[in-house]
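Given only the sequences and the hints, what does the whole structure look like? Please build it.
Chain by chain, the residues run as shown.
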Amino acid sequence: MAIITICRGTRSGGEALAACVAERLGWPALGREALQLAAAEVGVTEEQLVQKMQEAPRLWDRHMVARRAYVVALQAALAERVAEGDLVYHGVAGQLLLRGLPAVLRVRLIAPLQTRVRAVMERDGLGRDAAARHIARQDASRARWVRMMYGEDIADPQLYDLVVSLETMDVRDACALLEAALRQPDFDLTPAVLARLAEFRLACRVRFALVRDGETRAHNLEVEAHGTTIEVSGSAPLLTSGRTGERIAAVARAVPGVESVRLKLQWFDPYP
Amino acid sequence: MPIITISRGTLTGGRAVATCLAEMLGVPCLAREVLQEAARELNASEETVRHKLEVPPGRWALLTRDRRRYLLALQAALATQGASGDLVYHGLAGQFLLRGLPGVVRARLIAPLELRVRALITAHHATTQQAAERFIRHVDRDRRRWVRLMYGAEIDDPALYDVTINLRAIALETACRIIAELARQPRYRLGDAERAKLAAFAATSRQQLAELGG
Numbered sequence: 001m002a003i004i005t006i007c008r009g010t011r012s013g014g015e016a017l018a019a020c021v022a023e024r025l026g027w028p029a030l031g032r033e034a035l036q037l038a039a040a041e042v043g044v045t046e047e048q049l050v051q052k053m054q055e056a057p058r059l060w061d062r063h064m065v066a067r068r069a070y071v072v073a074l075q076a077a078l079a080e081r082v083a084e085g086d087l088v089y090h091g092v093a094g095q096l097l098l099r100g101l102p103a104v105l106r107v108r109l110i111a112p113l114q115t116r117v118r119a120v121m122e123r124d125g126l127g128r129d130a131a132a133r134h135i136a137r138q139d140a141s142r143a144r145w146v147r148m149m150y151g152e153d154i155a156d157p158q159l160y161d162l163v164v165s166l167e168t169m170d171v172r173d174a175c176a177l178l179e180a181a182l183r184q185p186d187f188d189l190t191p192a193v194l195a196r197l198a199e200f201r202l203a204c205r206v207r208f209a210l211v212r213d214g215e216t217r218a219h220n221l222e223v224e225a226h227g228t229t230i231e232v233s234g235s236a237p238l239l240t241s242g243r244t245g246e247r248i249a250a251v252a253r254a255v256p257g258v259e260s261v262r263l264k265l266q267w268f269d270p271y272p
Numbered sequence: 001m002p003i004i005t006i007s008r009g010t011l012t013g014g015r016a017v018a019t020c021l022a023e024m025l026g027v028p029c030l031a032r033e034v035l036q037e038a039a040r041e042l043n044a045s046e047e048t049v050r051h052k053l054e055v056p057p058g059r060w061a062l063l064t065r066d067r068r069r070y071l072l073a074l075q076a077a078l079a080t081q082g083a084s085g086d087l088v089y090h091g092l093a094g095q096f097l098l099r100g101l102p103g104v105v106r107a108r109l110i111a112p113l114e115l116r117v118r119a120l121i122t123a124h125h126a127t128t129q130q131a132a133e134r135f136i137r138h139v140d141r142d143r144r145r146w147v148r149l150m151y152g153a154e155i156d157d158p159a160l161y162d163v164t165i166n167l168r169a170i171a172l173e174t175a176c177r178i179i180a181e182l183a184r185q186p187r188y189r190l191g192d193a194e195r196a197k198l199a200a201f202a203a204t205s206r207q208q209l210a211e212l213g214g
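Note that the protein sequences, when read in sequence, are chains A and B. Numbering-wise (our numbering), the first sequence opens with residue 1 and increments by one. Numbering-wise (our numbering), the second sequence opens with residue 1 and increments by one.
By construction, these hints were calculated from the structure, which means they are not laboratory data. No residue lacks a Cβ here, since even glycine has one placed at the ideal position from N, Cα and C. Hints should not be assumed to be uniformly reliable.
What the hints assert, rightly or not - With the C-beta cut set under 10 Å, the calculated list includes, among others, these residues of chain A facing chain B:
| # | residue |
| --- | --- |
| 1 | ARG108 |
| 2 | ILE110 |
| 3 | GLN114 |
| 4 | ILE154 |
| 5 | ASP161 |
| 6 | VAL163 |
| 7 | VAL164 |
| 8 | GLU167 |
| 9 | GLU179 |
| 10 | ALA181 |
| 11 | ARG183 |
| 12 | LEU238 |
As the list claims (entries may be wrong) - Distance ranges between label pairs, derived from CB positions:
| # | chain 1 | residue 1 | chain 2 | residue 2 | range |
| --- | --- | --- | --- | --- | --- |
| 13 | A | GLU15 | B | PRO186 | 16 to 26 Å |
| 14 | A | GLN158 | B | GLN130 | 19 to 29 Å |
| 15 | B | LEU212 | A | ALA136 | 38 to 48 Å |
Dropping the structure here:
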């Protein structure tokens, strides 16, 4: 079958929907646990990771490198699970972390504000105004994060395959709809799809290795896998020692499963 | 079975999905027919009604009583159809005409610009890439302005629809099956009580139309 990502605002029923889809299809569901895995990999607590990822980046952001490392760690943790097939992911930014992959159904769930406000009031014992403020703050923070990291508007329907509104239907109706979608041949895990998912996992492993290495972590590099060949692109400083390229290639080659490395780097002069 | 309205953000996908749904569910697929019925009621030509409903008034023109009349007639015609039988509607303003009524599934189909351009070029062999893009942007702008003007809403707002389906990665048949599955949910059942509401809504629309006068 396939992979589904569910993106939603605070208290929109996303967790219940994810649990329902997972139960009906007998798939594992992954939400916050992805963050815990990623946090463990980079050696910070989950709270630190969430805080870094969700706080609004400033115009001049000295934490940009750390923030990118967290996103890469999260994507790598997710890629490990995705490559196994059949997964319900309802954590942050699934539609972007898994962008461009086949057999992934990207869903956004929206719910009327009154319903969400009521849910927050019940859960947190807040008054109506405080609950509405809480939701507005959370929504704004997620939207800013997606804009900063990906330059996208989180509410843009074009980022998703399906946008489901809970104004008329309830979580069970939505669940039936998603199940029907996932059972269509568009989302079959064919050998070609599985091979593509394996390439994605390999690329994510290499990208993660590059952000963990002290010499390569500062460079904004793109990594793609074609079979067992890794292609690294992006820009890197041209140093007289010429070590940067060698180091990138060495880090990539050290990742298990990588057989060859191609560099397509744009060199720039750091001391013009 | 509920009434299904399909809002087209694609130029090409809407009709195909509506036809597929109608076949799968064994119900009629309507668009033009409702417009023709509205035209009959208004004693106007189909072309006039279509023009009034597709092209927003000029920048400085006020929203005319005229346009409200056309819309009410269309609303009455669609509600009357729905009161007497099941249907799939993929004509103008489907998502608004029956807003708030039970037993209505509102779906919207969207697609990335490049896909729409390609589909348009395939449909009209003579069209160039540039001309197709220009045409699509033009149609989108008109629809957007029209919805803003008549309903104070953004046509792309997913909150207006039960489900918005992006045809970038989803095949037409899959979109069709997704909407059919939703239509099968008990919540959207169109029973006698719901049909009576539709009939009453049609009567109210006609009355408002009469009050506006000819």
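Hints, one by one, checked against the model:
Interface hint at ARG108 (chain A): satisfied, since its Cβ lies 7 Å from the closest Cβ of chain B, which is below the 10 Å cut-off. Taking 10 Å as the C-beta cut-off, the interface hint given for ILE110 (chain A) holds, the closest approach to chain B being about 6 Å. Interface restraint check for GLN114 (chain A): the shortest CB-CB distance to chain B comes to about 12 Å, outside 10 Å, so the restraint is violated. For ILE154 (chain A), the interface hint is violated, the least distance from its beta-carbon to any beta-carbon of chain B being 12 Å, above 10 Å.
Interface restraint check: ASP161 (chain A) against chain B, minimum CB-CB distance 5 Å, threshold 10 Å, status holds. Taken as an interface hint, VAL163 (chain A) checks out: its beta carbon lies about 4 Å from the nearest beta carbon of chain B, inside 10 Å. Contact between VAL164 (chain A) and chain B, as hinted, is supported at the beta carbon level, the nearest pair being about 5 Å apart and thus within 10 Å. At a threshold of 10 Å, the smallest CB-CB gap from GLU167 (chain A) to chain B is about 7 Å, leaving the interface hint in force.
About 8 Å separates the beta-carbon of GLU179 (chain A) from the nearest beta-carbon of chain B, less than 10 Å, and the hint is met. Of the supplied interface hints, the one on ALA181 (chain A) holds, with its beta-carbon coming within about 5 Å of a beta-carbon of chain B, less than 10 Å. For ARG183 (chain A), the interface hint holds, since its Cβ comes within 10 Å of a Cβ in chain B; the closest pair sits about 9 Å apart. Contact between LEU238 (chain A) and chain B, as hinted, is not supported at the beta carbon level, the nearest pair being about 36 Å apart and thus beyond 10 Å.
The supplied range of 16 to 26 Å is met by GLU15 (chain A) and PRO186 (chain B), whose beta-carbon atoms lie about 24 Å from each other. A beta carbon spacing of about 22 Å between GLN158 (chain A) and GLN130 (chain B) agrees with the range 19 to 29 Å that was offered as a hint. Between LEU212 (chain B) and ALA136 (chain A) the C-beta distance comes to about 40 Å, which sits within the given range of 38 to 48 Å.
Of the numbered hints stated above, those contradicted by the structure are hints 3, 4, 12, listed in ascending order.
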